[in-house]
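If you follow the hints, you should be able to join the two separate chains into one complex; please do so.
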Amino acid sequence: MNAQREPTLVVGRLTTRFAGLGGAVTAVDEVSFNVAPGEVLGLVGESGSGKSMTGFSILGLVDPPGEITGGSIRLKGRELRGLPAREWRALRGDRIAMIFQDPMMTLNPVLRIDTQMIETVRAHRRVSRDAAREMARDALARVGIPSPDERLRAYPHQLSGGMRQRVAIAIALLNAPDLIIADEPTTALDVTIQAQILFEMQTLCRESGTALIWITHDLAVVAGLADRVCVMYAGRIVEQGSTAQVLETPAHPYTRGLLDSTPAANVQPDKAGRPQPLRQIPGMAPSLKELPAGCAFRPRCTRASTLCEQTPPEVELARGHVARCFHPLSAAEGLKS
Amino acid sequence: MSAPQPARTAALQEAPAQAPANGSTIAPLLELKAIRKTFGAQPDWVERLGQRLGWLQPAAMVQALDGVDLSIARGEVVGLVGESGCGKSTLGRIAVGLHAPSSGRRLWRGTDLDALPEAERRRAGLGIQMIFQDPYASLNPRLRVRDLLAEAPRVHGLIDRTQQAEFVAALLRQVGLDPAVADRFPHQFSGGQRARIGIARALAVKPEFLVCDEAVAALDVSIQAQVLNLFMRLREELGLTYLFISHDLGVVRHLSDRVAIMYLGRIVESAPSAEIFSRPAHPYTQGLLAEAPTLKVEKKRFLAIQGELPSPLAPPRGCHFHPRCPHAFERCRLEAPYLQEIAPGHVSACHLNGA
Ligand SMILES: Nc1ncnc2c1ncn2[C@@H]1O[C@H](COP(=O)(O)OP(=O)(O)OP(=O)(O)O)[C@@H](O)[C@H]1O
Ligand SMILES: Nc1ncnc2c1ncn2[C@@H]1O[C@H](COP(=O)(O)OP(=O)(O)OP(=O)(O)O)[C@@H](O)[C@H]1O
Ligand code: SF4
Ligand code: SF4
Ligand SMILES: [Mg+2]
Ligand SMILES: [Mg+2]
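Order-wise, the sequence lines are chains A and B.
Count the first sequence with this note's numbering and you get residues 1 to 337, in order.
Count the second sequence with this note's numbering and you get residues 1 to 355, in order.
Accuracy of the hints is not assured; some may be wrong.
As the list claims (entries may be wrong) - According to the in silico footprint, chain A covers these stretches of chain B (three or more CB under 8 Å from chain A): (1) 92-103; (2) 344-354.
What the hints assert, rightly or not - Using C-beta positions, here's what the derived DEER-type ranges look like: (3) 298(B) <-> 123(A): 38 to 44 Å; (4) 320(A) <-> 142(B): 16 to 22 Å; (5) 105(A) <-> 333(B): 38 to 44 Å; (6) 105(A) <-> 156(B): 41 to 47 Å; (7) 314(B) <-> 102(A): 22 to 28 Å; (8) 329(B) <-> 150(A): 26 to 32 Å; (9) 329(B) <-> 287(A): 57 to 63 Å; (10) 105(B) <-> 331(A): 33 to 39 Å; (11) 187(A) <-> 183(B): 31 to 37 Å; (12) 61(B) <-> 86(A): 50 to 56 Å; (13) 185(B) <-> 102(A): 26 to 32 Å; (14) 316(A) <-> 71(B): 36 to 42 Å.
As the list claims (entries may be wrong) - Chain B residues, not near chain A, derived (Cβ > 10 Å throughout): (15) 109; (16) 112; (17) 140; (18) 191; (19) 209; (20) 339.
These are computed hints drawn from the structure, not numbers from a lab.
Virtual Cβ for every residue (Gly too), placed ideally from N, Cα, C.
With the rest of the complex left out, here is chain B (with noise of 0.2 Å):
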């Protein structure tokens, strides 16, 4: 290769920034692939030994993600639905970086973060935040607004002191609260005002990626309006990029372009938001669209989903939802579907898939 050919090398550069707006060819923001994350509790050397003798039975595990692939463009606002102990915190904390998974990779604009060197990972973690559903929990009662935001910022060297009143009453402003308040402390505040603190915490450190836990979920539904009315105004002004962790349907469709269902640590359907919620696939996320409640008067017969939640803790075979599923057949006991496309953007796990 002596001969330079400055014309082509040109043109390759400029390929990527002509990627089609099609969203699948943009190389996702985040990426996780192939996750799995196994809880077991640490053995003390007692169990251990009693284990080794065979008096003990080995702790159980709890596979609470089982090969979970999820990558979000930037921009994008996705959803992510699915019953209680699902794995849903388990996969967002993931994404924060707050747990290591068992196994898989975690790609961050197509670099793999867990092979980066310690502190250029730490700086793309700050790219990612986190919005918990307890905003009290989560704020340290003892410092008033003004430390809470400003730590986080300061230590990563984002602003020095004498710029610190100035970028509070900044971040205040945009969650829409009034900066004079910097002083007070987290109890002084109205459950939605703490929940605009969490926010504003989570921005202070200029993330393009917001995951949030059931951020709105334990506010009152006008409060959750002002919320989730501040979200979107946020994506707007800032380009922020979200998985949205919510049980509320409701709540998912309004924010979501893009939903995934999980179901016992695996995803089993994704889709536009308004194709999965028109044209469900899998027969889990039928009977999960059919029990939601509705604001619609009428009464429902609520009877889709029989039987309860399995336990995470011996998850059964094959497919994870056959004991309730309604067209569960014998293939469904001996082997796991996987994610096939079947519609543009439309995936599901389901044996009867094409069939």
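Next up, chain A with everything else stripped away, as it sits in the complex (with noise of 0.2 Å):
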């Protein structure tokens, strides 16, 4: 959609691992992806599929004993790996902002919602207090909070959750940042709040430009959010394309799973008017202490071989729709059956 634009940001076989007792394991491995500038990549995968650590290792929040220990992350053409502490510190909550689940990750409880902004809007910039206050209210306005004066002296806990949670959104728009990571921010919030909250955060993606990556395990607020999806698997990237060809002719075995295993909301009962059972996922995702040789996939997958043994390559489908694995399945065989 945006391929003629140069890309916000541009991941390169990242890879970030933790060293252990019981040996080192690799939770980002290899993983490859762009954002462009008013586009939305949804990073999808099931629990501990290295999402989160993505999102960390491009914000350089990777504490000991985990690092980053391969790949390269270039924002607007600048490398970040390597930067000094210091550096990448200017850059959050100025360039990239990161809106987590819990908005208190964001918000300081005893600190009134005004005081917060401006010290981070001032914190990167030389305004004064008073163009700052504007900017905050702005910013309030922005993600629809009504009456942003009187809730600027609000503290947070004088606020529901799906209100936090917008305050955080504003702070992370604050500084007109050219990217935004956002873990998992509407995972607790009801349906009809989270609806508004993807709505408005479309728009001012769309608007500004800024670039957002939308972590989620959630493959249905992908569909309706994002312009390509990549999905995780124990720290791979295993497919990745534009939202219609991953969600509608998914190549892997994997994503061909997930998307079995989500009751839709447009399944048939059968001849009794019961309910058709879920195809399921065999067995369990793996722990990455114990990772098989070859496609991680392999002992739950029903189209492996002894080729899966090997590490799977990467097929390209279409334009820009990418595979890890050696038997994928065609457009037809994709198709919702």
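Right, here's the structure in full:
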């Protein structure tokens, strides 16, 4: 969609490992993707697949024993890997912002909203308090908070959960960052509030050209929001492409399995009016400590062959649609049966 | 009545067995009638004194449930949907007897539970079990699985010590776990396995009715699918009845025969599952369905319901939904609509009904 524009973020073969007693684990394993200005990238996968670690790596927030051991992270052409901590800190909250599942990770419970927002602005640019306050007010209004002047004087505990999350989003927007990484920010919210926030984020990124990475385990959220999707399994991106390519003609057996496991709102009951059993992915997600050799999905995959004991190659199925698999599903097989 | 009329008596006795298969005329398994529940902090003596002297405001009361009627037939799966804080868990807890309602009645097979003597009420109570959202927090971490599963049935005299091992093994098999895991502790299991143990524990006292409160919300989709399939298999095998509380409309649609929609302490619509998803009648239900994320790849305009959730501390007058309803008119602000049947088995509470 934005292919002609220079990407905001280029992540190449990013690898993040945790040293540990029982040997090191690779939480992020040669992950590569781009995000263009104004584009929304959905990063999906089950618990422990490495979504948050990918986000933390891009933000320079990996703490020991974790370490980025390979690859590159280029923001508007500038390499971030190996940046001194001080410079990375200057980028955060300014050029890159993060929104967490729990807004209280961003908000300070003992400070008024205006104090926190003015500090965020003035930490990164020389403006007067009044000008910073004005910016804060505008940011609250932009995320749809009614009577922003009043809300500025509130403490976090005086706001509802949905309102708090919107304040956290407003803080992320304050300095018009190039990139926002949102880690499951609406998972704890109600459908109606979630829908409002998704809508606001979508519009804001379109209008301001901010690139957005939306981390979630919910494929349905991605379907309505993202331009492109990356599916992670055991630290690797196993499939990526446009949202339509990945969700409508998935090529990786794991993506197909995830879609089949999702109780979609369009299931047809059988003749007796009873629901059909959901198709299950057999087995469980592996522990990163004991990954099988070759394709990590092999023990659960119905298409596995002896070939899959080797590391699977990236196969380009269509323009921009890539799967890491020896036996990807054809477009016809991937279509929802 | 000196002359006996045996033929007629026999006919009367047979009548219930011949009740039509139509769900609405079979006596419900569980019936909740006009349930209200208010929560308020119990004031301590300083606060009471302060209130008496007029220094302090009386403690705020939360009206969690405001006159809820719900009846569930044997073998039925009823889905309960609504926004956070609307009272779903409170209703579930009242259904299993973990909370007493502030007013209203609870009928089990037609008998008023609160009118029963203590012992009988406890026995009836075993028939209704609850499965919680967080499978870890609800399992005692210091008990081995075998003790977790055998504790309640032993206390209630359903099994004796000699039967325990066999009983536990059968339960574990029923939920798809290897009986060899009986010696392990809860932390030695994955999330999906812990969810199964939580289900096995509820099944241990041979319930007829399960209240599942966000029972799969914490699970990843692939594990969630396994647990949902297990619920459905148990329904077939054991003839279980379910009240299935969930905010996930996909899950609810997949499982439920009937769906009840709650808004701020009231049920605003209830209908057979297929009907409510194809022909939602209440403006709130319509908004909810329009905004629920689906797997359809399309850029949504998420805009149907505006405004914040109102506070249960100060629910709006009249129809609770009126501050957010696109169709609200004068009457909605003054008068609460009550549930009316708008199609067979389909009730909705809105002043626009029939208009
Ligand atoms: N401090 C740590 N030490 C060792 N391993 C860690 C540490 N932090 C994370 N990991 C591992 O990194 C992997 C990726 O974790 P991550 O938090 O990125 O998962 P996720 O996809 O965000 O999952 P979720 O959906 O549960 O948030 C996990 O398997 C986790 O066990
Ligand atoms: N023990 C309690 N004391 C005081 N208030 C309570 C108590 N339990 C629930 N409430 C209040 O009653 C209302 C209904 O709560 P309930 O937990 O039933 O909501 P819910 O629909 O289950 O929400 P969720 O989807 O967030 O679980 C809420 O406003 C809640 O704050
Ligand atoms: S590489 Fe082999 S095991 Fe892995 S997903 Fe593809 S077919 Fe399955
Ligand atoms: S009663 Fe009025 S406010 Fe309530 S849902 Fe109906 S139209 Fe809307
Ligand atoms: Mg995470
Ligand atoms: Mg609840």
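Results of checking the hints against the structure:
no. : hint                          : verdict
1   : 92-103                        : violated (count 0)
2   : 344-354                       : violated (count 0)
3   : 298(B) <-> 123(A): 38 to 44 Å : holds (39 Å)
4   : 320(A) <-> 142(B): 16 to 22 Å : violated (53 Å)
5   : 105(A) <-> 333(B): 38 to 44 Å : holds (40 Å)
6   : 105(A) <-> 156(B): 41 to 47 Å : holds (45 Å)
7   : 314(B) <-> 102(A): 22 to 28 Å : holds (27 Å)
8   : 329(B) <-> 150(A): 26 to 32 Å : holds (29 Å)
9   : 329(B) <-> 287(A): 57 to 63 Å : holds (59 Å)
10  : 105(B) <-> 331(A): 33 to 39 Å : violated (58 Å)
11  : 187(A) <-> 183(B): 31 to 37 Å : holds (35 Å)
12  : 61(B) <-> 86(A): 50 to 56 Å   : holds (53 Å)
13  : 185(B) <-> 102(A): 26 to 32 Å : holds (29 Å)
14  : 316(A) <-> 71(B): 36 to 42 Å  : violated (57 Å)
15  : 109                           : holds (24 Å)
16  : 112                           : holds (32 Å)
17  : 140                           : holds (24 Å)
18  : 191                           : violated (7 Å)
19  : 209                           : holds (19 Å)
20  : 339                           : holds (22 Å)
Violation of the numbered hints given earlier is confined to hints 1, 2, 4, 10, 14 and 18; the remaining hints are satisfied by the structure.
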